[in-house]
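J.: Take a look at the letters that make up each chain.
Number of protein chains: 2
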Amino acid sequence: MPTIVVDVMPKAELLDPQGKAVAGALARLGRSTFTGVRIGKRFEITVDGAADEATLAEVRQVAEDILSNGVIEDVVGIHVVEDRG
Amino acid sequence: MPTIVVDVMPKAELLDPQGKAVAGALARLGRSTFTGVRIGKRFEITVDGAADEATLAEVRQVAEDILSNGVIEDVVGIHVVEDRG
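Quick note, the sequences are listed as chains C and E, same order. No gaps in the numbering here: position 27 of the first sequence is 27 in this note's numbering, and each next residue is one more. No gaps in the numbering here: position 45 of the second sequence is 45 in this note's numbering, and each next residue is one more.
Wrong hints could be hidden among the right ones.
Since the list gives no way to pick out one identical chain from another, each pair is judged satisfied if it fits inside one copy or across any two copies.
[What the hints assert, rightly or not] In silico EDC-like links for lysine to aspartate or glutamate, alpha-carbon gap of 16 Å or less: (1) 41 <-> 74; (2) 41 <-> 7; (3) 41 <-> 73; (4) 11 <-> 64; (5) 41 <-> 16.
Because the hints were derived from the structure by calculation, they are not lab data. None of the values given here were measured: they were computed from a predicted structure.
Using the sequences plus the hints, can you model the full thing?
T.: Encoded structure:
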C-alpha cells in the first residue's frame, strides 16, 4: 500500500509563535547558526490501491479541505513515498 | 539563507491517536481510499551561511536532541530546501 505524504505549513506572512519559541530556545542554547524556525504538520496517508493521478487529486482535495485550515495554513507539498507493501 | 526541513514522525510501533481520529473522520466522510493516517511535525529551519556538511550535522543533532522526543518520535528526514535568499 503506497504512502502519500502531505506537508502543511503556517502561511508565511503569519506569526508562528511555536516556531519563535523554538528559535529562541536554540539561541539561548548557543545555536546561533539557526536564524529562524517554522513548525508545521506532516501527514502520512496510506492508500488502498495505486497512488495514481485520481488518488493524488483526492488527497490534494482532502489536504486543502480537511487536513489544513486554509485561513492560516498552506499545503506546501504532496508526494508519494515508496510503497512499504 | 538556505532552509533545512526536518521531518519528525511518531514511532511506527506507537499508537497515533491524532492519526486515528483523522482516519476515522475521513472514513465517516466516505473517503474509503485512505486506510491509515499518521501525523507528525515538519520543521523549516533557516540557517545563516551555507547548508554544508557541518551545518547538516548540527541540524541532525538538534533534531534528535531538541526538536523530537526520542522515546516516542523518530527523525525521518532532513533535507535542504532551495535557497529562498
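J.: Next step is simple, just say for each hint if it's right about the structure.
T.: Here's how the hints hold up against the structure:
1. 41 <-> 74: Classified as both; 10 Å inside a copy, 15 Å across copies.
2. 41 <-> 7: Both ways: residue 41 and residue 7 sit 6 Å apart in one copy and 9 Å across, limit 16 Å.
3. 41 <-> 73: Classified as both; 10 Å inside a copy, 14 Å across copies.
4. 11 <-> 64: within (13 Å within a copy, 26 Å between copies)
5. 41 <-> 16: both (13 Å within a copy, 14 Å between copies)
Consistency with the previously given hints is maintained throughout, with no hint failing.
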